[in-house]
Amino acid sequence: MTDSKYFTTTKKGEIFELKAELNSDKKEKKKEAVKKVIASMTVGKDVSALFPDVVNCMQTDNLELKKLVYLYLMNYAKSQPDMAIMAVNTFVKDCEDPNPLIRALAVRTMGCIRVDKITEYLCEPLRKCLKDEDPYVRKTAAVCVAKLHDINAQLVEDQGFLDTLKDLISDSNPMVVANAVAALSEIAESHPNSNLLDLNPQTINKLLTALNECTEWGQIFILDCLANYTPRDDRESQSICERVTPRLSHANSAVVLSAVKVLMKFMEMLPKDLDYYGTLLKKLAPPLVTLLSAEPELQYVALRNINLIVQRRPEILKHEMKVFFVKYNDPIYVKLEKLDIMIRLASQANIAQVLAELKEYATEVDVDFVRKAVRAIGRCAIKVEQSAERCVSTLLDLIQTKVNYVVQEAIVVIKDIFRKYPNKYESVIATLCENLDSLDEPEARAAMIWIVGEYAERIDNADELLESFLEGFHDESTQVQLQLLTAIVKLFLKKPTETQELVQQVLSLATQDSDNPDLRDRGYIYWRLLSTDPVAAKEVVLAEKPLISEETDLIEPTLLEELICHIGTLASVYHKPPSAFVEGSRGVQHKRLPGSAGSGESVESPDTGSAAGVSDAPPAVIPSQGDLLGDLLNLDLAPPATTTGPPPPTSSGMQMGAMDLLGGGLDSLMGDESEPLGGDLGGSPAMGAGFGAPPAAMPASFNAPVSGGLDDLFDLGGGVGMPSGAYSPPKSIWLPAMKAKGLEISGTFARRAGVVQMEMTLTNKAMSVMTDFAIQFNRNSFGLAPAGPLQVLTPVSPNQSIEVALPLNTVGPVMKMEPLNNLQVAVKNNIDVFYFSCQYPISMLFVEDGKMERQVFLATWKDIPNDNESQFQIKDCHLSSDAASSKLQGSNIFTIAKRTVDGQDMLYQSTKLTNGIWVLAELRVQAGNPNYTVSLKCRAPEVAQCVFQSYEAVLKN
Amino acid sequence: MIGGLFIYNHKGEVLISRVYRDDIGRNAVDAFRVNVIHARQQVRSPVTNIARTSFFHVKRSNIWLAAVTKQNVNAAMVFEFLYKMCDVMTAYFGKISEENIKNNFVLIYELLDEILDFGYPQNSETGALKTFITQQGIKGQVSKTKEQSQITSQVTGQIGWRREGIKYRRNELFLDVLESVNLLMSPQGQVLSAHVSGRVVMKSYLSGMPECKFGMNDKIVIDKQGKGGASDDAGKSDLGGGSGKQSIAIDDCTFHQCVRLSKFDSERSISFIPPDGEYELMRYRTTKDIILPFRVIPLVREVGRTKLEVKVVIKSNFKPSLLAQKIEVRIPTPLNTSGVQVICMKGKAKYKASENAIVWKIKRMAGMKESQISAEIELLPTNDKKKWARPPISMNFEVPFAPSGLKVRYLKVFESKLNYSDHDVIKWVRYIGRSGIYETRC
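Protein chains in written order, with the working numbering: chain G, 1 to 957; chain B, 1001 to 1442.
Some hints could be false.
[Stated by the list, open to error] Cut-off 25 angstroms, straight-line C-alpha distance, at most; resulting in silico cross-link-like pairs (PhoX-like, lysine-lysine):
(1) B:K1219 to G:K283
(2) G:K327 to B:K1059
(3) G:K494 to G:K415
(4) B:K1213 to B:K1167
(5) G:K956 to G:K731
(6) G:K862 to G:K538
(7) G:K402 to B:K1307
(8) B:K1263 to G:K283
(9) G:K322 to B:K1288
(10) B:K1319 to G:K282
(11) G:K327 to B:K1011
(12) G:K206 to G:K591
(13) G:K739 to G:K765
(14) B:K1130 to G:K45
(15) B:K1130 to B:K1084
(16) G:K591 to G:K538
(17) B:K1319 to G:K327
(18) B:K1095 to G:K35
(19) B:K1059 to B:K1213
(20) B:K1219 to G:K327
(21) G:K282 to B:K1059
(22) G:K318 to B:K1219
(23) B:K1319 to B:K1407
(24) G:K372 to G:K415
(25) G:K206 to B:K1263
(26) B:K1311 to G:K282
(27) B:K1213 to B:K1011
(28) B:K1288 to B:K1095
(29) G:K282 to G:K359
(30) B:K1326 to G:K35
(31) G:K45 to G:K35
(32) B:K1288 to G:K318
(33) G:K415 to G:K282
(34) B:K1167 to G:K327
(35) G:K318 to G:K415
(36) G:K283 to B:K1427
(37) G:K327 to B:K1361
(38) B:K1412 to B:K1224
(39) G:K322 to B:K1219
(40) B:K1219 to B:K1412
Calculated directly from the structure, the hints in this document are not laboratory data.
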């Protein structure tokens, strides 16, 4: 056999030759020709021109030839749909063949022909095959349903194949069951809300029975499906676990991992005091360790999963540290993962061993690995306090090796150790300083600069050291520049006398010569701080730092829970939820671990609870007024992130200002009580403009009379008018008739009595009657989905228009869209399927209980970082603030407080989206000025733009 | 599920390309070649994500096998499948090489069609596959309908790994206990980690559908029996007490899919209907009371900056009547080695510059013996600041016993329908202990 010769034909006119051979009368020659065609196809040549000739060879009783032709068909049918129809008859005939192998082959291939026209012809043969007497045919037909569903989901539903598939779960043959489960699971993934895989104790029992008998692959399908089930109580959970545990001894690692997934998930439901719980924990460790003797690729998958398991249940593997020791010839990807797990498992009990190993690794060849090992030593120090001293001395040893990247990495981690244990290991600073010159990586330079700045008072030549960095200031990376700026300011605050010049230099470098807004901003902040209140500056800059936490780079708990539900899959390898790397509608439901039996779910968002209470509560609940006011003022003081700083003064003014400022700063630093700086600064006009006055963006309310503000603040409660109904934009044309074979759809969205509705006008501009309307949404940002089918009861005759209102819910699958409020819709009728996209006003999603309690509002406002604030202007709006307030309330934007300052009304408002996101707003209305200012704060800043659009739309209509 | 499967040669030319899912386009073939095969750096992960498409790959000699998907597939399954695919191909045409793949591409397509349907792995037991996917490929039409349905029932049946009606004149079985002993030892002779990973490989030539039961000196079983049947066992042997050497503690074991796992879980008994021919019955791992067949004692001394003195002593630690074979000690040398002088008491030693190591080979060595090698390594002076990493000294050997202490106690065969009994079966048991990663740091 030398089939390789088929790969070598590269002559011109090859296609013609092949054509002739394909039409030859001799069977052998035909077969040879088809082989050549397949070989060409494999290497990427286009042989689609031979389609009719190849298909002619299909009618043969030679099985090998038939298989080859089928292979060709699968590849090219899509590009030649009309020709592909020629194949239908053979499929139908083959499905009746007495030989089960041929029946199965036909049904298997049939599903791979992705041509819409053909699919309909294939339904009957498929139906027969699903009920075939031979299990081999049935198991192939089961998968074929999934194939067909991928091509035409509606057809599969209409033909009732889903029910047949469900019946196959009770099939007598375990392999048929397994394939039916696989097919159903896949179909169910694209219909997250359907109850397709109706898992109940009976079906679970069937699956568990089949689990014992089917192939290794079938076991994987079944276990993966089981993992989606949520047992009703801990007893059921335990009995499933008991029946799954034997799988842990399977030779196939994927079976083992899938069993681990089921156990990890169901274990959540078992009470911790149960004996069985402990037994199960013990049973999990050995198979996980055994996975490490598999081939390296599988080891990698196993290690990525163990990393998750260790984070979720550290107790399982806490005694197994040794198996994660790195072997000299492990592939690098295995080494790096093992190292990660070693750090996670490090504890006081095993730290000595771990450190000895890490030291060994730090002398290896692979740079990444060595770096990670060095970093790991630092992490051990932070994690196990008792070992810190040993870790530091190990790191010092490593620094002595003078291997450049080792030194740099060591310095970065030593910085962290300083932060964790302040005032303990500073004696090593001298050694660190010796290596200053060899640092060429930004992270290491930044770390070193941080150390110098932080301990400036103990380093005699700190100013020299920092100055040396300053020379090439503009060539440094931002990280280093920022650190250098801070370090020099620290130095100045600690040793003001000698370092004046230095700090001036760095401030002017940062503010004048830099293009980087972050750097400029930080420069200005320091400058202003130093100039206005050096004592405060000292408090701010040299404030005690919070200790860093022990565990770094832990996966965030909700993500971890989700990933545990995906053990064994790609998600667990990437440590990312499936939605992050899977396109389309599959596999994006967020999975959660079931709650434990004893403890109820903790209340995730306290906001919801309190807000619900507030909506009915009388507005009389007023907190202590002073506090509230103080809080409001504070909140105003923090300038919104979007405001730009004061325009930089001309450079000459700046110089002068700087001099002045430092003089002033120095005075007060030198120990006098902090006198107001205003006087000092007054003399310099340039200075005044730049720094003395409150920045332009600071709200005027800063200086407002306090009492007036207070009075106005709380007079709102009853004044709000009745809701006038949510604003709904006028209908616009979403789908022009031109694009949809005569169907025109215009529509809008409305929120009526708490229900979001999609209101559409369907107009038939075609010549024939339209029937069978149906609608589907693509995944979207807020999970909007039709709450029911599209109710078009009568056929729409030509030139008729009908109005339909489709109620929506927000429990559909979620995917972030761009823009956020974009919705992709598919509408089907008897003619075709049409796609369009439209944007819904986000105000449709503002829920009725979106009124936040005042105190909660204040706390939340302060809690949300300023970075999340965004400011917008609404132009040409001539409403009074009260009218605006009632108008907004109609759209579920609730005014919580109002206050008037200098004729400017400030409305504090809250609203809540269907997915629980709160948006807080401050609306400023200046009497006589048609321009409103809205500041929005929200934990999910992405929505701000949309919310603002809603504000604008509501206020202007 | 798996969206497509590609096989490439070392140059990145496609030898086999089979697409199962519509979301995988032809460009995926090129993406993998460009980003992985032709990538400059060493491969950093066996899973690569390129433009939202995930590629899983394994390499066999210089052939790349890649599975592609756009979905959140079971990653462990994909790799298991790729290994299985390699096994199946090897079973059909031997070594996986470019030539063999090209020569058998039609067969490979046929196999891929059978064992992967819409990306879902199907029965991939070679025994079953060979009944209906043959190199000639025409058996399908020759064979009778009855035979065909027998094939299908076997492929989908509960015992998919064995067909009915096997007959041997002589019922015979071979059991090989193959162990690989792994060690990492500190220069001071402290065991940093040691474990044995063992396999029980069986070659069965048995008629009919025999029911087998396999027993070994598993501590849990022996202890249980000791308690239960102390009276009848205690007299015969000292099994009952479970004294250290008689039974071993198995950390974990995994079984071929023919073994009834639920029965093992509940009774810890290993019962199965074996596949015909050779297969791996079980794998196991032990960490306690391992007999380390060799001890390596290294002594490295740096004499000045241009010379190293190395002395390595190996001691064999097993019964004097047994012989170890194929002993090889590999002593790494620094990259800047200019010359080596070796003296060894036994065997042959050579400095291999291309491998940066001194390789010392001894054909045979009895137990409780000792041998020594000393070497002087001349170094070229360098100004490279980085110290030599001193890779560990590694060792290879083969010994005729199981370092874990595992013993086969019995393998009983029952076949009720045919008239042969357990006594008629000829059984062979063999123990081979090999070195896995057997390293001593120096």
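Results for each hint:
{"no.": "1", "hint": "B:K1219 to G:K283", "result": "17 angstroms, holds"}
{"no.": "2", "hint": "G:K327 to B:K1059", "result": "20 angstroms, holds"}
{"no.": "3", "hint": "G:K494 to G:K415", "result": "20 angstroms, holds"}
{"no.": "4", "hint": "B:K1213 to B:K1167", "result": "20 angstroms, holds"}
{"no.": "5", "hint": "G:K956 to G:K731", "result": "16 angstroms, holds"}
{"no.": "6", "hint": "G:K862 to G:K538", "result": "24 angstroms, holds"}
{"no.": "7", "hint": "G:K402 to B:K1307", "result": "22 angstroms, holds"}
{"no.": "8", "hint": "B:K1263 to G:K283", "result": "16 angstroms, holds"}
{"no.": "9", "hint": "G:K322 to B:K1288", "result": "13 angstroms, holds"}
{"no.": "10", "hint": "B:K1319 to G:K282", "result": "36 angstroms, violated"}
{"no.": "11", "hint": "G:K327 to B:K1011", "result": "30 angstroms, violated"}
{"no.": "12", "hint": "G:K206 to G:K591", "result": "24 angstroms, holds"}
{"no.": "13", "hint": "G:K739 to G:K765", "result": "11 angstroms, holds"}
{"no.": "14", "hint": "B:K1130 to G:K45", "result": "32 angstroms, violated"}
{"no.": "15", "hint": "B:K1130 to B:K1084", "result": "15 angstroms, holds"}
{"no.": "16", "hint": "G:K591 to G:K538", "result": "48 angstroms, violated"}
{"no.": "17", "hint": "B:K1319 to G:K327", "result": "30 angstroms, violated"}
{"no.": "18", "hint": "B:K1095 to G:K35", "result": "23 angstroms, holds"}
{"no.": "19", "hint": "B:K1059 to B:K1213", "result": "37 angstroms, violated"}
{"no.": "20", "hint": "B:K1219 to G:K327", "result": "29 angstroms, violated"}
{"no.": "21", "hint": "G:K282 to B:K1059", "result": "35 angstroms, violated"}
{"no.": "22", "hint": "G:K318 to B:K1219", "result": "24 angstroms, holds"}
{"no.": "23", "hint": "B:K1319 to B:K1407", "result": "16 angstroms, holds"}
{"no.": "24", "hint": "G:K372 to G:K415", "result": "16 angstroms, holds"}
{"no.": "25", "hint": "G:K206 to B:K1263", "result": "19 angstroms, holds"}
{"no.": "26", "hint": "B:K1311 to G:K282", "result": "44 angstroms, violated"}
{"no.": "27", "hint": "B:K1213 to B:K1011", "result": "49 angstroms, violated"}
{"no.": "28", "hint": "B:K1288 to B:K1095", "result": "37 angstroms, violated"}
{"no.": "29", "hint": "G:K282 to G:K359", "result": "31 angstroms, violated"}
{"no.": "30", "hint": "B:K1326 to G:K35", "result": "47 angstroms, violated"}
{"no.": "31", "hint": "G:K45 to G:K35", "result": "14 angstroms, holds"}
{"no.": "32", "hint": "B:K1288 to G:K318", "result": "18 angstroms, holds"}
{"no.": "33", "hint": "G:K415 to G:K282", "result": "39 angstroms, violated"}
{"no.": "34", "hint": "B:K1167 to G:K327", "result": "47 angstroms, violated"}
{"no.": "35", "hint": "G:K318 to G:K415", "result": "28 angstroms, violated"}
{"no.": "36", "hint": "G:K283 to B:K1427", "result": "34 angstroms, violated"}
{"no.": "37", "hint": "G:K327 to B:K1361", "result": "23 angstroms, holds"}
{"no.": "38", "hint": "B:K1412 to B:K1224", "result": "20 angstroms, holds"}
{"no.": "39", "hint": "G:K322 to B:K1219", "result": "23 angstroms, holds"}
{"no.": "40", "hint": "B:K1219 to B:K1412", "result": "20 angstroms, holds"}
Of the hints listed earlier, those the structure fails to meet are numbers 10, 11, 14, 16, 17, 19, 20, 21, 26, 27, 28, 29, 30, 33, 34, 35, 36, in rising order.
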